[in-house]
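In the order they appear, the protein sequences are chains W and E.
The numbering of the first sequence is the numbering used here, which starts it at 1 and goes up by one.
The numbering of the second sequence is the numbering used here, which starts it at 1001 and goes up by one.
Derived from the structure by calculation, the hints contain no laboratory data.
Cβ coordinates follow ideal geometry from the N, Cα and C atoms, glycine included.
Take these hints with a grain of salt, some might be off.
What the hints assert, rightly or not - The list that follows gives simulated cross-link-like pairs (lysine to aspartate or glutamate, DMTMM-like), each with its CA atoms no further than 25 Å apart: (1) Lys1060(E) with Glu20(W); (2) Lys1089(E) with Glu20(W); (3) Lys1051(E) with Glu125(W); (4) Lys1081(E) with Glu20(W); (5) Lys51(W) with Glu1052(E); (6) Lys95(W) with Glu84(W); (7) Lys60(W) with Glu1101(E); (8) Lys89(W) with Glu1101(E); (9) Lys1089(E) with Asp1074(E).
Said to hold, decoys possible - Quick list of the computed label-pair ranges, beta carbon to beta carbon: (10) Glu53(W) with Gln1093(E): 14 to 20 Å; (11) Pro1062(E) with Lys89(W): 22 to 28 Å; (12) Glu1125(E) with Gln93(W): 29 to 35 Å; (13) Ser36(W) with Glu1084(E): 18 to 24 Å; (14) Glu1020(E) with Ser36(W): 22 to 28 Å; (15) Gln1093(E) with Glu16(W): 32 to 38 Å; (16) Gln78(W) with Lys1089(E): 39 to 45 Å.
2 protein chains.
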Amino acid sequence: MHKSKLVAAVIDCQTEDLTEAARFWSAALGRTVAASDNPAKDKYVTLGSGKEELIVLLQKVPHPSRVHLDIESDDVEQEVKRLEALGAKRVEQIKTWWVMEAPTGHRFCVVRPQRDGTVPDDANEWS
Amino acid sequence: MHKSKLVAAVIDCQTEDLTEAARFWSAALGRTVAASDNPAKDKYVTLGSGKEELIVLLQKVPHPSRVHLDIESDDVEQEVKRLEALGAKRVEQIKTWWVMEAPTGHRFCVVRPQRDGTVPDDANEWS
């Protein structure tokens, strides 16, 4: 048995510097840039505390800008297999997470638990 | 003074029929299709109860598939003006909402309160 839940919306920005993206999106969403993040240098910038039910991240990317969803799981491999059985395809493994493509063509990621090392109590349980 | 908050992630699907999209995404995210929605016919399908902190919707669209974010506000016009001052541009008004484009190129929407006619207590307040 493993668990999973939608955890983040990632705003992928095709840029070399997230400063302007962080300025706009933090003001638009009313979420301050995490104090530990440096938009001018970092690949990832968290908007807000990172403790919200939905985490919002900015990511510096080489491909055209888009938004993608992240699903967190206490067992990434089992979750990837479950999603493959539903018709998704593995695209690329990066460090501890998998980039996948849905049958609808949307890219999304399966990631490890993003807060406190565990998934939330109301995560979905799969057997 | 008005209020706003990130309210939804909308999975835009370039298709004539959301049945397959609803099958995959409802199973992937562990959110059942709202009983009132018909993926084979409807333009919008809610995944889950629609009462979650983040609403997830599928939308049938003519343009390439993507994900976009919705910001809800108790004063759509004031929120649009606030976002314009931050550098966003109005793209198109549809019924009661505005499609906008962020300085980062991402499209997003400013919509009326999506639940119970009011924004949540923890929405951002702008003066």
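Taking the hints in turn, this is what the structure says about them:
no., hint, result
1, Lys1060(E) with Glu20(W), "violated (31 Å)"
2, Lys1089(E) with Glu20(W), "holds (15 Å)"
3, Lys1051(E) with Glu125(W), "holds (20 Å)"
4, Lys1081(E) with Glu20(W), "holds (19 Å)"
5, Lys51(W) with Glu1052(E), "holds (16 Å)"
6, Lys95(W) with Glu84(W), "holds (19 Å)"
7, Lys60(W) with Glu1101(E), "holds (18 Å)"
8, Lys89(W) with Glu1101(E), "violated (30 Å)"
9, Lys1089(E) with Asp1074(E), "holds (20 Å)"
10, Glu53(W) with Gln1093(E): 14 to 20 Å, "violated (30 Å)"
11, Pro1062(E) with Lys89(W): 22 to 28 Å, "holds (25 Å)"
12, Glu1125(E) with Gln93(W): 29 to 35 Å, "violated (43 Å)"
13, Ser36(W) with Glu1084(E): 18 to 24 Å, "violated (31 Å)"
14, Glu1020(E) with Ser36(W): 22 to 28 Å, "violated (41 Å)"
15, Gln1093(E) with Glu16(W): 32 to 38 Å, "holds (34 Å)"
16, Gln78(W) with Lys1089(E): 39 to 45 Å, "holds (44 Å)"
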